[in-house]
Each structure stands twice: as structure tokens, then as C-alpha cells.
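The residues making up each chain are set out below.
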Amino acid sequence: MARITLDHIRHAYGPNPVSDKDYALREVDHEWEDGGAYALLGPSGCGKTTLLNIISGLLHPSHGRILFGGKDVTNLSTQERNIAQVFQFPVIYDTMTVYDNLAFPLRNRGVPEADIDRRVRDMLEIIDLSDWSDRKAQRLTADQKQKISLGRGLVRNDVNAILFDEPLTVIDPHMKWVLRSQLKRLHKQFGFTMVYVTHDQTEALTFADKVVVMYEGEIVQIGTPAELFERPRHTFVGYFIGSPGMNVLPARLDGARAMVGDVAVTLDHAPQAAPTDKIEIGIRPEFVRIGREGMPVRISRVEDIGRHRIVRAEFEGQPIAIISAEDEDIPADARITFDPAAINIYANSWRIGAKA
Amino acid sequence: MEKTWNNKAWFLVLPVLVLVAFSAVIPLMTVVNYSVQDTFGNNEFFWAGTDWFSQILSSSRFWDALGRNLIFSFIILAIEIPLGIFIALNMPKHGIGVPVCLVLMALPLLIPWNVVGTIWQVFGRVDIGLLGHALEAIGVDYNYVRNPADAWATVILMDVWHWTSLVVLLCYAGLVSIPDAYYQAAKIDGASRWAVFRYIQLPKMKRVLLIAVLLRFMDSFMIYTEPFVVTGGGPGNSTTFLSIDLVKMAIGQFDLGPAAAMSIIYFLIILLMSWVFYTVMTSSDADA
Numbered sequence: 001m002a003r004i005t006l007d008h009i010r011h012a013y014g015p016n017p018v019s020d021k022d023y024a025l026r027e028v029d030h031e032w033e034d035g036g037a038y039a040l041l042g043p044s045g046c047g048k049t050t051l052l053n054i055i056s057g058l059l060h061p062s063h064g065r066i067l068f069g070g071k072d073v074t075n076l077s078t079q080e081r082n083i084a085q086v087f088q089f090p091v092i093y094d095t096m097t098v099y100d101n102l103a104f105p106l107r108n109r110g111v112p113e114a115d116i117d118r119r120v121r122d123m124l125e126i127i128d129l130s131d132w133s134d135r136k137a138q139r140l141t142a143d144q145k146q147k148i149s150l151g152r153g154l155v156r157n158d159v160n161a162i163l164f165d166e167p168l169t170v171i172d173p174h175m176k177w178v179l180r181s182q183l184k185r186l187h188k189q190f191g192f193t194m195v196y197v198t199h200d201q202t203e204a205l206t207f208a209d210k211v212v213v214m215y216e217g218e219i220v221q222i223g224t225p226a227e228l229f230e231r232p233r234h235t236f237v238g239y240f241i242g243s244p245g246m247n248v249l250p251a252r253l254d255g256a257r258a259m260v261g262d263v264a265v266t267l268d269h270a271p272q273a274a275p276t277d278k279i280e281i282g283i284r285p286e287f288v289r290i291g292r293e294g295m296p297v298r299i300s301r302v303e304d305i306g307r308h309r310i311v312r313a314e315f316e317g318q319p320i321a322i323i324s325a326e327d328e329d330i331p332a333d334a335r336i337t338f339d340p341a342a343i344n345i346y347a348n349s350w351r352i353g354a355k356a
Numbered sequence: 001m002e003k004t005w006n007n008k009a010w011f012l013v014l015p016v017l018v019l020v021a022f023s024a025v026i027p028l029m030t031v032v033n034y035s036v037q038d039t040f041g042n043n044e045f046f047w048a049g050t051d052w053f054s055q056i057l058s059s060s061r062f063w064d065a066l067g068r069n070l071i072f073s074f075i076i077l078a079i080e081i082p083l084g085i086f087i088a089l090n091m092p093k094h095g096i097g098v099p100v101c102l103v104l105m106a107l108p109l110l111i112p113w114n115v116v117g118t119i120w121q122v123f124g125r126v127d128i129g130l131l132g133h134a135l136e137a138i139g140v141d142y143n144y145v146r147n148p149a150d151a152w153a154t155v156i157l158m159d160v161w162h163w164t165s166l167v168v169l170l171c172y173a174g175l176v177s178i179p180d181a182y183y184q185a186a187k188i189d190g191a192s193r194w195a196v197f198r199y200i201q202l203p204k205m206k207r208v209l210l211i212a213v214l215l216r217f218m219d220s221f222m223i224y225t226e227p228f229v230v231t232g233g234g235p236g237n238s239t240t241f242l243s244i245d246l247v248k249m250a251i252g253q254f255d256l257g258p259a260a261a262m263s264i265i266y267f268l269i270i271l272l273m274s275w276v277f278y279t280v281m282t283s284s285d286a287d288a
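Chains as they are written, first to last, in the working numbering: chain A, 1 to 356; chain B, 1 to 288.
Chain A extracted, bound-state conformation (with noise of 0.2 angstroms):
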């Protein structure tokens, strides 16, 4: 197990990079925790799968340098590294029996075969599949193959990290709670660094301990799930965390007001941008109170889901997401309160903090 550290790391697929559009990775300098569950985080096409590739050693970044456990690893190859990376499609040994699929990786090395007995059914036990250790591994369930996927990386018990790329895409959606959390189980019970790749922001929340948000190939924002929650440090991460996403509503500055349209929005501070950023304002619609006092919105939709309702109503000209209770009255003339101490402040995007 290693610390990940990226050195500025930037990644360009076509020869000759110019202009930031030709990146399909922009830079990206971090330091990841020996040990730590990271989510990596996006839409497609962020990048996040090309910085997983970066890691595991099947791309060489256009810049830049990666090390594990402060020892540069930039050029060595996949096998070299000593990662394990389980993929969103189960890759498994079709013709060979679950045991010898996890015995598979140890042989390629010439671990001593009676090791290799120990290890392997020791992981059978761990994974749940020791009943089928004979069996064929083409007939099983496709959860079933991603186990043994799993097994594989963790049966070399010196592995600097795993890597999941997308890894429960094509399993049953009851299934994924389960394998969820057996895997959460095992990385206590292990502590090995895990990166975890998903487009799905309740995987990477459950999952993570670190989200790692990227968008149009940069790292928008590391964080705890409740750290992206409370202040996304861009108007993104509010927008793609969240359900709905955050309200992003375009705005003046003034002093300790913000002014969307004509109405004035109190804040809790008087934030410091210059004259000629694009101000943005965001609350989340959990933060939003509707009632018979505050600023006036015009309803056009009430969404009922069961646990609350999604109000869409327009304030301002803008559209706006309004979380309520299930028994919260909604009165024809609705008025709008925003919390002051959750609202955000956005200079081109990027969170500008309290005032310094």
C-alpha cells in the first residue's frame, strides 16, 4: 500500500498540445493518502478514466510525474507498479476454474505453489466463493465475476492500490448495496489505497472518504462528502452533487447584499470580488423555505417523490429548485427565505470565501 502522489500531471491524447482544449487531462498535483477510498467523480469525458489510466500504468502522461510512496513510478509499466485495477466489465480467465483464476497472478510471479494454496483459499473465503472454487468461472453471475476480479488484485497482498474503473455498472441494482458494502468491508479490514471511478455521485458518497470532483479534465474539488455538500467550491460540483443540484442564479454584489434581478438577497458577510467577475449566487434547494413571507417566486411544478416535494418555481426570471416537507403547506402567493449561512458566493464559477 502507497501514498499516490500526482506532480503535476497532464495528459493530451493528440501529438503537439497548443491550447488548454487540446488536454484531455489539465494539471493535476494532489497527494493521495496511503490508505484512502477516493471516488473519482465526473460526467463522461471528464478525464477521469484517462487519470485512472495515468495511475495504473496503461497511459504515459504528455507531462508530469507519478509517484508511489514518493518513489517515481512515471515510467515503469503496469506490471511493474504492482496495482490491481478491477474494470467496469468483468474480465475473468473464461477456461480456468475460480481457484486457478485467483491463483493466476501469484503463478505469473512463482509464488511456491503451497503459498500459493494458503493465499488463494484464504481469499475464496473472503470474497464468499469457496464453494465454488472448482467450478468453471464462464458460468457465473456477473457479480460473481467481479469478485473474483477483486480477488485477484487482493490475493498479492502487497499491492500499491486498487483501481476500480466503473465497477458496478453492469451489476443488479440490489446486488450493488451488497457488493457496496463488502467492499467498504474489506477496505477497513485491508486498508488499501482505493480509487474508485463512477459517474454515479451515491456510489462515490457512500463509498468514498474523499470525493475527488472532475470536470472538462481538471480536479474541481477534493473533498468529504459533507464538505461537497455544504460549499462546493464550484458552481459544478453544486450543480453535479446533489438532487436536484444546487440553485446557481446570477447576481450583483452589494456590500452585504446580493441583488438577483431587483430583489435584494441578505448574506452573512460582505464577500470581496472585483468589478468585472461573473457573480453567481448558490443555495441549495434543502436550504430554501417556502412560505408566506420573503421573496416572491411564481410556481410552475410540484413534483412529489415521497420523502419530500421538489418545488420548481421561477424567482427572478430564473429558474429554482425548492425542497419541502411532505407536509409543509404550499400557498398559492408563494414567498421564498434563503438561509444566509448556506448560501455560496461565486466569482466566474470558482467560490470566493468569507471575507478575508
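These are calculated hints, taken from the structure and not from any lab test. Ideal Cβ placement from N, Cα and C applies to all residues, glycine included. Accuracy of the hints is not assured; some may be wrong.
Partial selection, computed: residues in chain B whose CB lies under 7 angstroms from chain A [stated by the list, open to error]:
1) Pro82
2) Ala181
3) Tyr182
4) Lys187
5) Ile188
6) Asp189
7) Gly190
8) Ala191
9) Phe197
10) Gln201
11) Pro203
Each computed EDC-like pair below joins lysine to aspartate or glutamate, with the alpha-carbon atoms no more than 20 angstroms apart [as the list claims (entries may be wrong)]:
12) A/Lys136 with A/Asp94
13) A/Lys184 with A/Asp34
14) A/Lys188 with A/Asp100
15) B/Lys187 with A/Asp94
16) B/Lys187 with A/Asp100
17) A/Lys136 with A/Glu125
18) A/Lys184 with A/Asp122
19) B/Lys206 with A/Asp122
20) A/Lys184 with A/Glu125
21) A/Lys184 with A/Glu166
22) A/Lys21 with A/Asp172
23) A/Lys278 with A/Asp254
24) B/Lys187 with A/Glu216
25) B/Lys204 with A/Asp100
26) A/Lys184 with A/Asp200
27) A/Lys188 with A/Glu33
28) B/Lys187 with A/Glu80
29) A/Lys184 with A/Asp172
30) B/Lys204 with A/Asp94
31) A/Lys188 with A/Asp128
32) A/Lys136 with A/Asp117
Dock chain B against the given chain A, drawing on the hints supplied.
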């Protein structure tokens, strides 16, 4: 669910039954009809029972041709299957090389069989052929018209040239269907080149290889046109395969009865061999 019985459903399979009857059953039955009768022309037929069958099965001419055919098919499979796999493994998977290779590979398959025969007949001639002349020039005593070994070498080389492409194309189709993740996983698992072939590529190619082996066996076992054009079955009878012998008997000597009996035996052998290949090659799938 309750099964519904409705005899009208038979009408739906009637078109297929009629087609198969005309294309296969009726011609086959005509042959069966000839095989149990004798004729001296004038459309007069006499009952011959199983005479022709016992005559064929006890003639050394039939067994010699069958033996030559088996050896020929065995050599063809032994060369074309490994060579086809080898070429397919080394073909490019991306880029401009793909269409170029595919077209090159498809070329021999597009040439009519008698033209293939003619090409090699000319190519191998010592007086005007490129191959024959070149071999003679470097001092190799080569003459497919006089020397049985040379005739065999020419026919085999011609078949390898003509048909290895088929094996290549089938294997290549199997190979490109393997997702990249398999190769990446194998890298991560530290698999050697041989292990990748043995545990990833070969299992994925198995289905198409079965088809390749069956097709190449049946085709090589029925080979007629190309050796007929090149050697005409000679020198002597050295390249007289079953099909060539059959045509000599049916058309050359007009022995319809024996020829029909031989056709049926020939057909049954191919059927049996194909079944054996199929059973052997799919047997490993059966165990769970």
C-alpha cells in the same frame, strides 16, 4: 404456460420443407436410387441391391483415394490452422494497416477455383512458369508433371495460398472481439505472452476455430477443381483424390451405379468426420 397444439403451424414450415426437398432431399434420393440399380442405357434399370457398395468397399482404388484424401486434409489442417492463427495474431488492430491487410487476405478467396488452378498450373511449369523456372535456375529438380512428390507439394502449396486467408479472417474476427480490458487485466496480473494466448486469445477464438477447422476439413476433403486443373490426378494416380476418382467413374466411364454408391459412402464419411471434429472440439464446454 399451456402449450397450444395447432396443426396449421405445419403450413408455416412448408416453404422450407419444399426448398430443402428440391435442393437436397430429391437429388440425394436420386443418387440413392442409382446406387442400388444397374443400367445399360436406354433408361432400363435392373435391381442391384448392395452390390455396388460391396464392390466399392472392396476395391483398392477407393481405399487408395480415401487414404490420399485423408493425408491431404491432415496436412492442410496442420499447416493452415496454425499459420492462420499466427498471421491473425500479428495483423494490426488499428489504423491504415487494417483495411490493407484485410483486402490482401481476401484476394485469394475472391479468385474462382479453376482460375486458381490455372494460375498455379502455369506458375509451376518448368518452361514458362515463374516458380518452376526459378526453382530450376537455382538447381532444384522440380517437375510436378513427372514427380509425385512435386505434384503433392504444388497442390498443397496452392491450397495453403488459397485458403489460409479464410482461417486468418475467421481468427481475426474472433481476436478483435476481445475487449481491451482483458489485455490490460492480463498485464496487471503479470501474464506472459504465452499465457495471454493460452488463456485469453485461444478461448475467445475457439468458436471461430471450430468453424474454420470444419470448413477447411470439408473443403479439402471434397477438393476437386484445383488439383484437376493442375495435375489432372497425376502423375499416375498420385493426386487422384476421391472427388477426382468419382468424376472419372461417373463421367469418364459412365458407371452410374458404382459412382452413386461411392458418392453416398463419400458423403457419409464427411458427415462422420465433421461430427467427430464437432464433438471433440465442443466437449470441453460440456463440463460445468
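Hint-by-hint comparison with the structure:
Nearest Cβ of chain A to the Cβ of B/Pro82: about 19 angstroms, over the 7 angstroms cut. The hint is violated. Taking 7 angstroms as the C-beta cut-off, the interface hint given for B/Ala181 holds, the closest approach to chain A being about 4 angstroms. Because the closest C-beta pair between B/Tyr182 and chain A is about 5 angstroms apart, less than 7 angstroms, the hint holds. With its C-beta approaching chain A no nearer than about 5 angstroms, B/Lys187 sits inside the 7 angstroms limit, and its interface hint holds.
The beta carbon of B/Ile188 comes within 5 angstroms of a beta carbon in chain A, closer than 7 angstroms, and the hint placing it at the interface holds. For the restraint placing B/Asp189 at the interface with chain A, the shortest Cβ-Cβ distance is roughly 4 angstroms, inside the 7 angstroms limit, so the hint holds. Taking 7 angstroms as the C-beta contact cut-off toward chain A, the hint placing B/Gly190 at the interface holds, the least distance being around 4 angstroms. Here the hint on B/Ala191 is kept, as its CB sits about 5 angstroms from the closest CB of chain A, short of 7 angstroms.
With its C-beta approaching chain A no nearer than about 12 angstroms, B/Phe197 sits outside the 7 angstroms limit, and its interface hint is violated. A cut of 7 angstroms between beta carbons decides the hint on B/Gln201: the least distance to chain A is about 11 angstroms, and the hint is violated. Taken as an interface hint, B/Pro203 checks out: its beta carbon lies about 5 angstroms from the nearest beta carbon of chain A, inside 7 angstroms. Restraint check for A/Lys136 and A/Asp94: the C-alpha separation of about 7 angstroms stays at or below 20 angstroms, so the hint holds.
Pair hint A/Lys184 plus A/Asp34 holds up; C-alpha atoms about 16 angstroms apart against a cutoff of 20 angstroms. Note on A/Lys188 and A/Asp100: the hinted pairing is violated, with a Cα-Cα distance of about 27 angstroms set against a maximum of 20 angstroms. Taking the CA atoms of B/Lys187 and A/Asp94, the gap is about 17 angstroms. The hint holds against a cut of 20 angstroms. For the proposed pair B/Lys187 and A/Asp100, the alpha carbon gap of about 17 angstroms is at most 20 angstroms, so the pair holds.
About 18 angstroms separates the Cα atoms of A/Lys136 and A/Glu125, which keeps this hinted pair within 20 angstroms; it holds. Restraint check: the Cα-Cα separation between A/Lys184 and A/Asp122 comes to about 18 angstroms, which is no more than 20 angstroms; the hinted pair holds. Our distance criterion of 20 angstroms between C-alpha atoms is broken by B/Lys206 and A/Asp122, whose separation comes to about 33 angstroms. Of the pairs offered as hints, the one joining A/Lys184 and A/Glu125 holds, with about 16 angstroms between alpha carbons and a cut-off of 20 angstroms not exceeded.
Between A/Lys184 and A/Glu166, the direct Cα distance comes to roughly 15 angstroms. Compliance with the 20 angstroms bound is thereby established for this hinted pair. Distance restraint check for A/Lys21 and A/Asp172: the Cα-Cα separation of roughly 37 angstroms exceeds the 20 angstroms cut-off, and the hinted pair is therefore not satisfied. For the hint pairing A/Lys278 with A/Asp254, the CA-to-CA distance comes to about 14 angstroms; that is within 20 angstroms, so the pair holds. Proposed proximity of B/Lys187 and A/Glu216 is contradicted: the alpha carbons are some 29 angstroms apart, above 20 angstroms.
Distance hint between B/Lys204 and A/Asp100 is fulfilled; the C-alpha atoms sit about 18 angstroms from each other, no more than 20 angstroms. Pair hint A/Lys184 plus A/Asp200 holds up; C-alpha atoms about 17 angstroms apart against a cutoff of 20 angstroms. Between A/Lys188 and A/Glu33 the CA atoms are separated by roughly 15 angstroms; this keeps the pair inside 20 angstroms, and the hint holds. Under the criterion of a C-alpha separation no larger than 20 angstroms, the hint pairing B/Lys187 with A/Glu80 is consistent with the structure, at around 10 angstroms.
For the proposed pair A/Lys184 and A/Asp172, the alpha carbon gap of about 18 angstroms is at most 20 angstroms, so the pair holds. For the proposed pair B/Lys204 and A/Asp94, the alpha carbon gap of about 9 angstroms is at most 20 angstroms, so the pair holds. For the proposed pair A/Lys188 and A/Asp128, the alpha carbon gap of about 17 angstroms is at most 20 angstroms, so the pair holds. Note on A/Lys136 and A/Asp117: the hinted pairing holds, with a Cα-Cα distance of about 18 angstroms set against a maximum of 20 angstroms.
Violated hints, listed in ascending order, are 1, 9, 10, 14, 19, 22 and 24; each of the other numbered hints is respected by the structure.
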